[in-house]
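Start from the sequences, fold in the hints, and give me the full structure.
Numbered by full-length UniProt numbering, the letters in the sequence shown go through residues 1 to 815 in order.
Hints in this document: simulated from the structure, not taken from any laboratory.
Be careful, since some hints might not be right.
Stated by the list, open to error - Derived PhoX-like pairs: lysine-lysine, alpha-carbon spacing no greater than 20 Å straight-line: (1) 539 - 514; (2) 514 - 619; (3) 556 - 619; (4) 621 - 556; (5) 199 - 167; (6) 181 - 167; (7) 556 - 675; (8) 395 - 355; (9) 556 - 506; (10) 619 - 609; (11) 621 - 642; (12) 181 - 514; (13) 642 - 598; (14) 729 - 675; (15) 675 - 621; (16) 621 - 609.
A quick note: this is a predicted structure, and the numbers were derived from the prediction, not measured.
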Amino acid sequence: MPSILKSVRDLRRRSRANLNRSTTSLNEYDTPDNSSGNSSNDSSNTPRPAAAGDLHQSSSSSLSLMTTPTSATPSESGSITIRPNDDSIPPLPSKPTLSSNRNSVIGSVAGGPPPGERMAAASGPFAPRISSPRPGEQVYQKVLLINGQIGQNPNELSARPQGGQLKVTHHQDSFPATQWKVQDSQFKALVHLTPGPNKITLLFEPTRHSHGSHPSLGSSRTTKGHESWFMIYYVPPESPPLQLVMLLGSDSPGTYDAIPARVSGEGNNLDVAIRKYRMAAYMWQAFTAEQMHRHGFGRRTFQFEESWLHSSLSLQEYETGVMRSQATVHVIRVDKTVAELRDLEYAQQYAKATKKSELFNIAADAVREYFRPRNGQKIYVSCMYLDSHWDPQVKTIRAHAALGGCSGDVNLAIFGSHCLQSYPSSIEEVPNALVDCTRTDTAHVANDAGEAGSSWEAANIGIGAHMHEVGHLFGCPHQESGVMQRDYTRLHRTFLTREAFSTRTKQQGMYICKPSDECGWHRLDALRFRYHPSFRLPKDPPMANADSGIQTFCIKEGEALIMATSGICFIEIRTESDDICHHWLDFTDVQRTDYLPKSYHLTDDALRKLLPSRRRKSKLKVSIHSIALNEHTIDWDNFASKSSRVELMKGSPTKSNLLSNLTRHATSHGFRGSKLGHSQLPDSEAGEIVFNSVIPPNRFMTSIKIYHGNSVDGIEFCYEDSTSQLLGKRGGKPGGSEFKFDTRSAEQLFGFYVRAGAWIDGIQILATSGRKSEIFGNATGGSGHRLVPPANFQISGVYGSCGAWMDGFGVIISH
1 MPSILKSVRD LRRRSRANLN RSTTSLNEYD TPDNSSGNSS NDSSNTPRPA AAGDLHQSSS
61 SSLSLMTTPT SATPSESGSI TIRPNDDSIP PLPSKPTLSS NRNSVIGSVA GGPPPGERMA
121 AASGPFAPRI SSPRPGEQVY QKVLLINGQI GQNPNELSAR PQGGQLKVTH HQDSFPATQW
181 KVQDSQFKAL VHLTPGPNKI TLLFEPTRHS HGSHPSLGSS RTTKGHESWF MIYYVPPESP
241 PLQLVMLLGS DSPGTYDAIP ARVSGEGNNL DVAIRKYRMA AYMWQAFTAE QMHRHGFGRR
301 TFQFEESWLH SSLSLQEYET GVMRSQATVH VIRVDKTVAE LRDLEYAQQY AKATKKSELF
361 NIAADAVREY FRPRNGQKIY VSCMYLDSHW DPQVKTIRAH AALGGCSGDV NLAIFGSHCL
421 QSYPSSIEEV PNALVDCTRT DTAHVANDAG EAGSSWEAAN IGIGAHMHEV GHLFGCPHQE
481 SGVMQRDYTR LHRTFLTREA FSTRTKQQGM YICKPSDECG WHRLDALRFR YHPSFRLPKD
541 PPMANADSGI QTFCIKEGEA LIMATSGICF IEIRTESDDI CHHWLDFTDV QRTDYLPKSY
601 HLTDDALRKL LPSRRRKSKL KVSIHSIALN EHTIDWDNFA SKSSRVELMK GSPTKSNLLS
661 NLTRHATSHG FRGSKLGHSQ LPDSEAGEIV FNSVIPPNRF MTSIKIYHGN SVDGIEFCYE
721 DSTSQLLGKR GGKPGGSEFK FDTRSAEQLF GFYVRAGAWI DGIQILATSG RKSEIFGNAT
781 GGSGHRLVPP ANFQISGVYG SCGAWMDGFG VIISH
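Written out as structure tokens, the structure is:
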């Protein structure tokens with residue numbers, strides 16, 4: 001009888017288990033994998049959220065990383081947890097409750113799960129673990145840089161560093177697998193993503209000498225036990241793209257410099273050049289996204305215009321003709337022949353050249369003609385001259401210049417193709433291209449600046465120096481360190497775990513390349529990128545109004561008030577001997593970068609305390625940068641001194657015509673605000689007006705006349721007693737354009753909106769009632785600036801300069 005009861009109990013247990021298995025199925029949010037077997041239904045297997053610190057911080061979604069148990073006691077390390085060393089699939093998540101956030105951005109992606117229903121799983125103690133990015137994170141670029149280590153227990157691994165290969169398998173095999181070296185248990189890799197959710201599988205394949213260093217490694221037949229996977233979400237942002245352009249001479253054959261072995265192997269035609277240039281651009285993008293993340297600004301980076309093309313990011317796909325959406329490289333033939341482009345007068349590195357910037361001008365004209373930007377539209381373009389050529393006779397690279405900057409509506413970077421043969425043309429080629437020690441044969445190709453003595457160093461110089469010019473394109477000056485200070489000789493370390501021998505340093509490379517050893521964008525570069533339109537993310541608030549400008553007012557000797565309606569981002573401080581900035585004020589709070597001060601009180605003492613003691617008596621230049629990308633530089637010692645003070649009148653009781661029976665003490669002096677315009681026209685003369693409305697007997701200002709054509713010639717202030725004051729001259733439109741104040745409601749002048757660049761293009765009058773005039777003059781010339789007084793101040797006068805027309809304008813304020 002007992003044996004019969006026991007058999008019945010066993011049968012009932014098996015029946016319950018079969019029932020549980022038969023009722024378990026994948027719901028609409030789960031992605032089936034290729035593993036077999038059933039997950040345990042024990043209550044301890046219920047997925048639970050990871051620590052809050054591992055969650056993606058977003059107002060629209062909160063991603064939870066789920067954990068899975070091992071066959072023994074559950075353990076967890078970082079964002080990836082250990083699971084049994086078999087083929088079981090992860091346990092299924094519970095059904096969403098009614099309170100689930102079903103409207104999140106990630107949950108709405110086609111085929112993607114709602115927040116909290118993806119897990120980062122690992123098998124075995126030597127499965128790869130991701131350090132960056134966090135599993136479940138949202139990213140915004142097609143090619144993602146990842147890094148991490150082998151194994152879950154860093155303390156255990158430190159005594160048993162592992163070597164081998166990391167195999168990266170992409171979401172649903174949507175992209176061919178790639179191999180990356182594991183060095184000292186560390187790995188780095190580039191991963192191709194498709195829009196929406198991406199399940200990336202990592203498989204560690206140890207080298208033979210690693211076997212036996214730990215019993216868990218086993219043999220090569222059990223590498224399935226060294227596998228993990230993680231989810232990542234790619235959301236393509238909509239932002240102004242960085243256009244990629246290949247420039248050719250009008251009669252160019254479409255080839256670039258390469259050694260004979262390269263020519264007979266991969267070739268050196270236009271198609272190969274485009275593929276290599278495209279891959280370099282994706283490396284810029286991945287590098288920048290990682291750097292912005294390290295600066296605390298999220299994985300923001302610039303984007304590319306894409307087209308449906310034969311895939312080149314994978315060599316396998318290129319050979320089989322797979323089509324894919326990828327970065328477009330526009331091919332433009334300039335109106336110069338190859339011989340003209342290779343004129344030594346244009347060669348930047350030729351000491352006797354007299355037209356070293358001409359290649360920039362040629363590129364700007366060609367790009368402007370090709371893209372035809374509309375009035376007021378800025379375009380961002382990176383160009384490569386395919387016809388660059390190393391001339392061993394004069395030891396100069398012809399048709400090459402490394403330049404970046406702005407040419408009107410075109411923000412442009414140019415570079416040559418002299419290092420192109422060393423570039424990788426696909427993701428698979430990146431790790432080998434950056435360790436290729438083949439010596440540079442200067443009979444055929446250039447050793448640029450003596451820093452490209454081997455193939456990998458040539459790739460580094462070419463890709464890195466071109467990215468340096470892209471930094472200029474986005475507004476970055478030279479810095480004390482980083483990409484903008486030729487630190488790109490270490491660019492390869494971002495993508496590798498071990499460095500090859502360097503002909504530049506004559507030393508063996510680093511055994512392990514850690515993040516602290518890598519090249520980077522300087523903090524000031526990252527601050528410039530943070531609010532640039534090309535670096536916008538989908539979750540960013542609307543762009544700040546660039547026309548708000550920056551105002552600076554001296555309010556006391558040694559003190560100034562800075563105002564920016566969009567918000568003040570950072571302030572650079574330079575001494576008179578500084579070519580680059582070494583000291584700055586950073587107003588960005590990593591946690592709340594959208595809430596920056598709109599005004600700031602600067603004092604001379606506070607500024608000088610930021611400097612080394614030996615330089616505190618130096619003259620200073622202060623550059624203010626706003627969220628709207630406005631920049632305003634002031635000569636601090638002149639601006640915040642007695643020279644900014646304007647004597648208005650002696651203090652005495654007067655009657656205000658605005659407050660009929662009240663008396664007040666008139667202010668005896670005012671201060672000049674910063675001036676717009678360069679005041680550099682021929683025969684330009686300075687002028688200054690203190691309004692009659694602030695000088696007894698305080699005449700009431702009734703109107704303002706602007707004299708203008710396509711720029712402002714003069715501005716006249718008219719009073720109730722028919723007197724007037726003129727700054728500039730009465731030119732342009734006869735009689736000028738008049739804006740009358742409503743004297744019945746005591747309306748008066750509040751401020752000005754000024755369009756200005758080198759001179760004053762247009763002026764708009766702002767009244768205290770909220771009314772405003774049209775913009776008199778050129779309404780689209782220059783850039784926009786609002787000149788309004790700080791709280792508790794008023795505009796008491798104006799000053800400026802005038803030559804053929806007005807080329808300087810500012811306001812005088814007083815209490």
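Tell me if the straight-line CA distance from residue 621 to residue 556 falls inside 20 Å. At roughly 18 Å apart (the allowed maximum being 20 Å), residue 556 and residue 621 satisfy the hint.
Between residue 621 and residue 609, is the straight-line Cα distance small enough, at 20 Å or below? The hint holds at about 15 Å.
Within 20 Å, alpha carbon to alpha carbon, are residue 621 and residue 642? holds (17 Å)
Straight-line Cα separation of residue 181 and residue 514 no greater than 20 Å? holds (14 Å)
Assess, step by step, whether the Cα of residue 539 is no farther than 20 Å from the Cα of residue 514, and give holds or violated. Measuring from Cα to Cα gives roughly 31 Å; hence the hint is violated.
With the threshold set at 20 Å, check whether the alpha-carbon distance from residue 642 to residue 598 stays at or below it. violated (26 Å)
Does the alpha-carbon distance linking residue 556 and residue 675 stay inside the 20 Å limit? holds (17 Å)
Hint consistency between residue 556 and residue 506 [alpha-carbon to alpha-carbon, up to 20 Å]: Answer violated: residue 556 to residue 506 is near 57 Å, above 20 Å.
Please verify whether residue 199 and residue 167 have alpha carbons no more than 20 Å apart. holds (14 Å)
Regarding the pair residue 556 and residue 619, is the alpha-carbon distance no greater than 20 Å? holds (18 Å)
Under the criterion that the straight-line Cα-Cα distance not exceed 20 Å, is the pair residue 514, residue 619 satisfied? With a Cα-Cα distance of about 40 Å, the restraint between residue 514 and residue 619 is violated, given a limit of 20 Å.
Are the Cα atoms of residue 619 and residue 609 separated by 20 Å or less? holds (14 Å)
Hint compliance for this structure: hints 1, 2, 9, 13 are broken, all remaining hints hold.
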